[in-house]
Each structure stands twice: as C-alpha cells, then as structure tokens.
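*Asks:* Chains as they are written, first to last, in our numbering: chain F, 1 to 191; chain L, 1001 to 1113.
Don't take each hint at face value.
[Claimed, not checked] Here are the simulated lysine-lysine pairs, DSSO-like style, with alpha carbons at most 30 Å apart: (1) L:K1096 - F:K122; (2) F:K166 - F:K83; (3) L:K1046 - L:K1096; (4) L:K1077 - L:K1046; (5) F:K166 - L:K1077; (6) F:K20 - F:K176; (7) L:K1096 - F:K166; (8) L:K1096 - F:K67; (9) F:K176 - F:K122; (10) L:K1096 - L:K1077; (11) L:K1099 - F:K83; (12) L:K1033 - L:K1049; (13) F:K83 - L:K1096; (14) F:K83 - L:K1033; (15) L:K1046 - F:K67; (16) F:K122 - L:K1099; (17) L:K1049 - L:K1077; (18) F:K20 - F:K122; (19) L:K1033 - L:K1096; (20) L:K1077 - L:K1033; (21) L:K1049 - F:K67; (22) L:K1099 - L:K1033; (23) L:K1099 - L:K1077; (24) L:K1096 - F:K20.
What the hints contain is simulated information worked out from the structure, not anything from laboratory work.
Owing to the predicted nature of the structure, the values given are computational and were not obtained by experimental measurement.
Okay, here's what each chain looks like letter by letter:
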Amino acid sequence: MAQAFGDFVALMEGEGEYLKIGFHPSSIPLQQRWRNNGLSADFLADYLSTFFPGEDLASSERQSQIKDAVGYIANELLENCMKYSYASKQHLVSIEMFLEPGAITLYTSNGVEPDRVEPFQKFIQRLLSEDIDALYTEQLERNAEDDDGSASGMGFLTMLNDYGVKIAWNFSTPAKPGEEVAVTTMVRMPL
Amino acid sequence: MDISHDDYQVQYDEAASTVRCSGSFRLHGDEYKPVLDLLGHAADAKPAKLTLDVRELQFLNSSGINTLSKFILQVRKHNVSQVVVQGSARFPWQEKSLKNLQRLLPALRLDIV
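Only chain L is shown next, with the shape it has when bound in the complex (with noise of 0.2 Å):
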C-alpha cells in the first residue's frame, strides 16, 4: 500500500496510526489519487489518534494542499477524535501553510519543531 516514488514516498504505519509523507509533492490533479487513496484508508480505520508526519516533505504544491484538505475533511466527517499534523521549521512552507488545515479542523494539532 506504501508509496514509494523517485521524488516522494508515502508510507501507512497501521500499528502507530501515522503516515509519514517525504520528497517533494509536485504532482498534478489526478496524479495525487493514490495518495489520497493511501490517506483516505488511514482516516477509514477511524483510529482514536491519527499522525500525519510531514517532517521530511520539502516541498507541496497548491493541489497537493488540496489533497492535504481532502483528507481532513474525510477525517472530520468520521469524527477521529485527534488529528496531529507533525512538522519541520527546516522548510518553510510548512511554518506558512500548514496552519490552514486548521480552517477545516480547528482541533488538528499542529507541532512544528
């Protein structure tokens, strides 16, 4: 089920509930369905805490925060109880535009170190 591509992978920890994203997301439209694939049957087994670690992802694209949204938004809707968004301060974008998936889910954790 992990993603494993030259520029970026994606890989389901099931047992810690946590899936880690790493590379550079630069893909278009359609292209991120796997990811949300892989993202959407993490929210599914509806765990009572859900990580997505993002530390080791340099790079996102303006679709890729929308798969990103999709995402919380699938998560919202089966009411996990605790979303956890964890972060680099090495890159940037994160500080910048990480903290708008709050908009979707005010409770969503986020931790930037």
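This is chain F alone, in the form it adopts within the complex (with noise of 0.2 Å):
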C-alpha cells in the first residue's frame, strides 16, 4: 500500500489545464543533464504565464510573482529529482503541473534507493511537525558550516518558507522488500 505524508492531493490527466515533461535519469550524464533543469521550469513558469496576462499593473506584478515561483519550485523539485533518482529502467523522472482556478500544484516523480527512504521519511516528518522557520535557520547554520557543497533539504525549505505553498509526498511499495521504491512529491502553491 501507498505511504502518504502531507495532504496529499492526487489530480488526474484530464482534469483542467496540464502539462508533463518525462526524462529518462540514466540516459545522460548529471552534468549535462542538469541543464534541463532550468529549460524545463523556465518553460514550465513561461507556458503557465499565459494564463495570467499582465494587462495592467497589479496583474503585471501578479504574473511575474506566480512565474518567478514556478520557475523556482519547478527547478528545485528537478534538482531533487536528477540528484536523489535511482537510475533504473523502471522509473522515469516526471514532471507535471496542473492549473485549476485556485492553485497551481505540481509534481515530480522518481524512484529512491530503498538505503534512502528511511532519512529521507525521517526529513519530511520534521519538515511536517516542526515549526519551519527555526528548522530553516537550523539548516542554513548547519549548511553553512558544511564544506562538502551539499544542499540538505534547503529546497524544501524556502519552497515552505519563503514560497508558502504546501507540500505532500506519496511513497508507493516496493514490489518485493528491498526493492526500490518511486516517491511523488506534491507541491501545491494557493493563487
């Protein structure tokens, strides 16, 4: 059975606006790969400010707002993706972005090594219960005084505090234990 954290909200194909962008994760390398990540969400946050015209400017301001937000959250999620997927045949990276009258939410799939899922189970219990603007200072002294360059978790963070949305993610089962698993990660920004 599925695992969900957060409210998860599963929106079907056909329902509203959509748009989806699938990558294979092993098909070229991360350095190249990571390009992508920044053509997909500015494409993403342009195609979806069609349906905000600035017309005038408090729409204007409200366009480039929800642009520069999807462009960022959408980046941020690929990052994850490109960074955390399991290169396996079984599962393809994904992203989609649904437009419906009151919210933009968006998602990203990919599969986890199974080493992985429990830290990263443990970091979304936190991101779900504690108050997030201590756990954001926490994690920027603790980022800060690392050396090795990596970004634990920042991504979630400012997308949480600085972005206000709501994120949830949906775990499915591995076919055998062991096995790895695919995480869907929701990320639902209010208009």
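Could you fit the two chains together into a complex? Lean on the hints.
*Replies:* If you want it as structure tokens, here you go:
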C-alpha cells in the first residue's frame, strides 16, 4: 500500500489544464542533464504566464510573482529528482503541472534507492511537524558550516518558508522488500 | 579572479569592496566553489564595509542560497563591520529569500530597490 505524508492531493490527467514532461535519468550524465532542469522549469513558468496576462500594473505584478515562484519550485523539484533518483529502467523522472482556478500544483516522480527511503522520510516528518522558521535557520547554519557543498533540505525549506506552499509526498510500495520505491512529491501553491 | 560564464558572472571590485553577481545561478554542489572562493577573497580583505550586489541576479537555486550563506558566515567570523546586500524588486525571489541572510547576520543591511 502506498504511504502518504502530508495532505497529498492526487489530480488526474484530464482535470483542467496540465502539462507533463518525462525524462530518463540514466540516458545522459547528470552534468548534461542539469541544464535541462532550468530549461524545463523556465518552460513551465513561461507557459503558465499565458494564463495570467499582465494587462495592468497589478496583474503584471501577479504574473511576475507566479512565474518566478513556479520557475524556482519546478527547478528545485527537478534538481532533487536528478540528484537523488535511483537510475533504473523502472522509474522515469517526470514533472507535471496542473492549473485549477484556486491553485497551481506541481508533481515530480522519481525512483528512490532503498537505503535512502528511511532518512528521507525522517526529514519529511520534521518538515511536517516542526516549526519551519526555526528549522530553516537551523539548516541554514548547518549547511553554511558544512564544507561538502551539499544543499541538504534547503529546497523544500525555501519553498515552505519563502513561497508559502503545501508539500506532500506519496511513496509506492516496493515490489519485493528491499527493492526501490517511487516517490511522488506534490507542491501546491494557492492562487 | 572574476568569473565569466555564459549563464552567470561574478565580479570583484576591490576598490569599492563590492562583489557583483549577475545572470542565473543554477549550479550544483562543487560547481559553486569558484564563486565561494571569490566571495571568500573579498571577505578576507576585511574591509570596513563589504557590499554584495545581486541586483542583476535573475535566479538563485537553493545550492546558491547555501553558497551565499557560507559567505555571510565567513564575513561574520571576520567581524566585517558592515555588510550591505543590494537587491532588486524586479526579481521577486530577492524579496522573498534575501532577508533570510539576516538570520545569520542580523546586522546585515538589505537594500532592495
């Protein structure tokens, strides 16, 4: 049985406007793939701005805010997928964006290495239960002191702290114990 | 010492004790090392006032936020008396995220115009 963390809302293809992009994480090296994160994120953000025409100053400001937020969030989600996805033939990496009257929802899906599932879920529990403001400062200090250059958790924390979104996760059940699982990450941005 | 790339540029103006970042920072992990080295070089000069000008920085990913945080921490350790971060309201992320640097250095002055 799938295991959900947070208020996971499953939107279905065919419900309103949506866009989906799929990748095969092992087809080209990470270094080359990285550039695609930005291109895909910018594309999603640009595509969306059509639905929020900037006809006057207020709506132009709103369009710019939405475009900026979607560009940042989609890029972070894709970077996470590329960094952590378990390169296998079973799981593609995908990003989907749904547009509803009251919200924009982004989903990414990728395979997760069995050993990474538990630490990832522990971090998710912290994101869902602790004070985000305090956790943000703690993580910022920890990462700033850390020399290995990793950006552990800051993507999700900036989305929650700076962009006021809701994040939820859905983990699939492995076919056999110890096999990889797929995680779908949902980021819902109220409009 | 300056960094010039198709997607981003970092320039250290030693006379003005100012580091200017422009373009889009979407690097990952170690790719930020040259940027951090340049920022560290500016901090090591221990000027009375150090300015980080990101008014032309269109995009910064979370690894980039970590890089700027590391820089602010270096500055904090060096006791630079004044740090100014100049941002622009043209890029909405700057108003949302730059203020977080004040968590590491409450005396940091943030000028967003």
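*Asks:* If a hint holds in the structure, say so; if it doesn't, say that too.
*Replies:* Taking the hints in turn, this is what the structure says about them:
no.	hint	in the structure
1	L:K1096 - F:K122	holds (27 Å)
2	F:K166 - F:K83	holds (22 Å)
3	L:K1046 - L:K1096	holds (28 Å)
4	L:K1077 - L:K1046	holds (10 Å)
5	F:K166 - L:K1077	violated (36 Å)
6	F:K20 - F:K176	holds (29 Å)
7	L:K1096 - F:K166	holds (17 Å)
8	L:K1096 - F:K67	holds (14 Å)
9	F:K176 - F:K122	holds (22 Å)
10	L:K1096 - L:K1077	holds (25 Å)
11	L:K1099 - F:K83	holds (27 Å)
12	L:K1033 - L:K1049	holds (24 Å)
13	F:K83 - L:K1096	holds (25 Å)
14	F:K83 - L:K1033	holds (18 Å)
15	L:K1046 - F:K67	violated (38 Å)
16	F:K122 - L:K1099	holds (28 Å)
17	L:K1049 - L:K1077	holds (14 Å)
18	F:K20 - F:K122	holds (29 Å)
19	L:K1033 - L:K1096	holds (25 Å)
20	L:K1077 - L:K1033	holds (19 Å)
21	L:K1049 - F:K67	violated (35 Å)
22	L:K1099 - L:K1033	holds (23 Å)
23	L:K1099 - L:K1077	holds (19 Å)
24	L:K1096 - F:K20	holds (28 Å)
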